[in-house]
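S.K.: Could you build all of it, start to finish, from the sequences and the hints given here?
First residue of the sequence shown: 29, per my numbering; consecutive thereafter.
These are computed hints drawn from the structure, not numbers from a lab. There's no promise every hint is true.
[Said to hold, decoys possible] Derived EDC-like pairs: lysine to aspartate or glutamate, alpha-carbon spacing no greater than 16 Å straight-line: (1) 165 to 133; (2) 165 to 136; (3) 165 to 139; (4) 165 to 226.
[Said to hold, decoys possible] Derived Cβ-Cβ restraints for the label pairs, each shown as a range: (5) 159 to 128: 12 to 22 Å; (6) 217 to 268: 38 to 48 Å; (7) 134 to 282: 39 to 49 Å; (8) 231 to 48: 40 to 50 Å.
Don't be surprised by glycine CBs; every beta carbon is placed ideally from N, CA and C.
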Amino acid sequence: MDARLQLRIQRYGWDAAASVYQDAWQAQLAPAQEALLACAHLRAGQRVIETAAGTGLVTFAAAAAVGPDGHVLATDLSGEMVASGRAEAGRRGLDQVTFQRMNAEALDCADRSFERALCSLGLMYMPDPVAALGELKRTLVPGGRAAVSVWGERRNCGWAEIFPIVDARVASEVCPLFFSLGAPDALASAMLAAGFRDVEERRLQEVMTFSGPRQILEAVIDGGAVALAARRFEADTRRAVDREFLDSVAAWREGERYRVPGEFVVATGVA
29 MDARLQLRIQ
39 RYGWDAAASV
49 YQDAWQAQLA
59 PAQEALLACA
69 HLRAGQRVIE
79 TAAGTGLVTF
89 AAAAAVGPDG
99 HVLATDLSGE
109 MVASGRAEAG
119 RRGLDQVTFQ
129 RMNAEALDCA
139 DRSFERALCS
149 LGLMYMPDPV
159 AALGELKRTL
169 VPGGRAAVSV
179 WGERRNCGWA
189 EIFPIVDARV
199 ASEVCPLFFS
209 LGAPDALASA
219 MLAAGFRDVE
229 ERRLQEVMTF
239 SGPRQILEAV
249 IDGGAVALAA
259 RRFEADTRRA
269 VDREFLDSVA
279 AWREGERYRV
289 PGEFVVATGV
299 A
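M.R.: Structure below.
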C-alpha cells in the first residue's frame, strides 16, 4: 500500500476511535503499559518523547514518573487523540506534558532532545516501523533509552479474527502486516536495524476481561483499528459483523464476561 494512503487511513481511523478508545481499553492494556514503563527506567527530571501516544494512557503515568521538573512530549498522528490528551493534561494541571500531532516517521524535533523514548502499541500501524524507530533514536541523547511495545503473535491474540471478518465486507487496509512485529525476535531486529544497541525483548501473556458483549464489541470494533471501516457498514452488515466476531471469541466467554488472551512484546534499546 502507498505509505501516504496508509497514513491517511490511520489518521482518520484513530480520529474515529478517539471518543471510545480510552474507556474501552484503559483496563485491558494496563499490564502491558506498566511493563513498558518499568522497562523505560524513567527518572525525575527527564525529558521523554512518546509516539503513538493516543489519549495519554502511557503519557500521564510517564509524567508522574518524571515529575514537574521533567517533560513529556506526547505525539500522535490523530488530531482527535491529541485534542483529547491535551484537554486531559489541562484538567490534571500537568504543565510538564505537551501533546502535538506528528508523523512518527518524521518527528519535528531536534536531534538529541530527550533522555527517554516510548511507543506503546503503535509501531504495527506505521508504514515503516524501522524509520519510526530511527526517528526515536535520532531524538535521544547518546545513552538514552527507548522502550516500545507491540501486540504479539496472531495465534496468541484471541480477538484477532476481527481483521478477516471486517475485510470480508469492506477493504479496510488498516494494517496489512499488523502481527509481523509480534513474531519472535522481530521487534528486537527492527530496533537493531534502527541503530539501537543493547536491545532486549520480552513477551507477556495477559488475559483481557470485558464485562459483556457490548463492551468487547465497543473496544475491538468502535475503539480499535477497524473503527473507520466499521463506520461504513450498513446496519445489517454491522449486526452480522458483531455476531461473527462474538462467535470468534465464544470460547473465552464465562457467563456474561469475556476473558480473552492477548500477547504483548516489549523491547528496549540504548541510543
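S.K.: Work down the list of hints and note, for each, if the structure agrees.
M.R.: The hints, checked one at a time:
1. With a C-alpha separation of about 11 Å, the suggested pair residue 165 and residue 133 falls inside the 16 Å cut-off, and the hint holds.
2. Between residue 165 and residue 136 the alpha-carbon distance is near 13 Å, which keeps this suggested pair within the 16 Å criterion.
3. With a CA separation close to 9 Å, the supplied pair residue 165 and residue 139 stays within the 16 Å bound.
4. Annotation: proposed proximity of residue 165 to residue 226 holds, straight-line Cα distance about 13 Å (limit 16 Å).
5. Evaluation of the 12 to 22 Å hint for residue 159 and residue 128 yields a pass: the beta carbon distance comes to about 19 Å.
6. For the hinted restraint 38 to 48 Å between residue 217 and residue 268, the CB-CB distance of approximately 39 Å keeps it satisfied.
7. Checked against the hint of 39 to 49 Å, the C-beta distance between residue 134 and residue 282 comes to roughly 45 Å, which is consistent with it.
8. A C-beta distance of roughly 28 Å is found between residue 231 and residue 48, which places it outside the suggested range of 40 to 50 Å.
In this structure, the one hint that does not hold is number 8.
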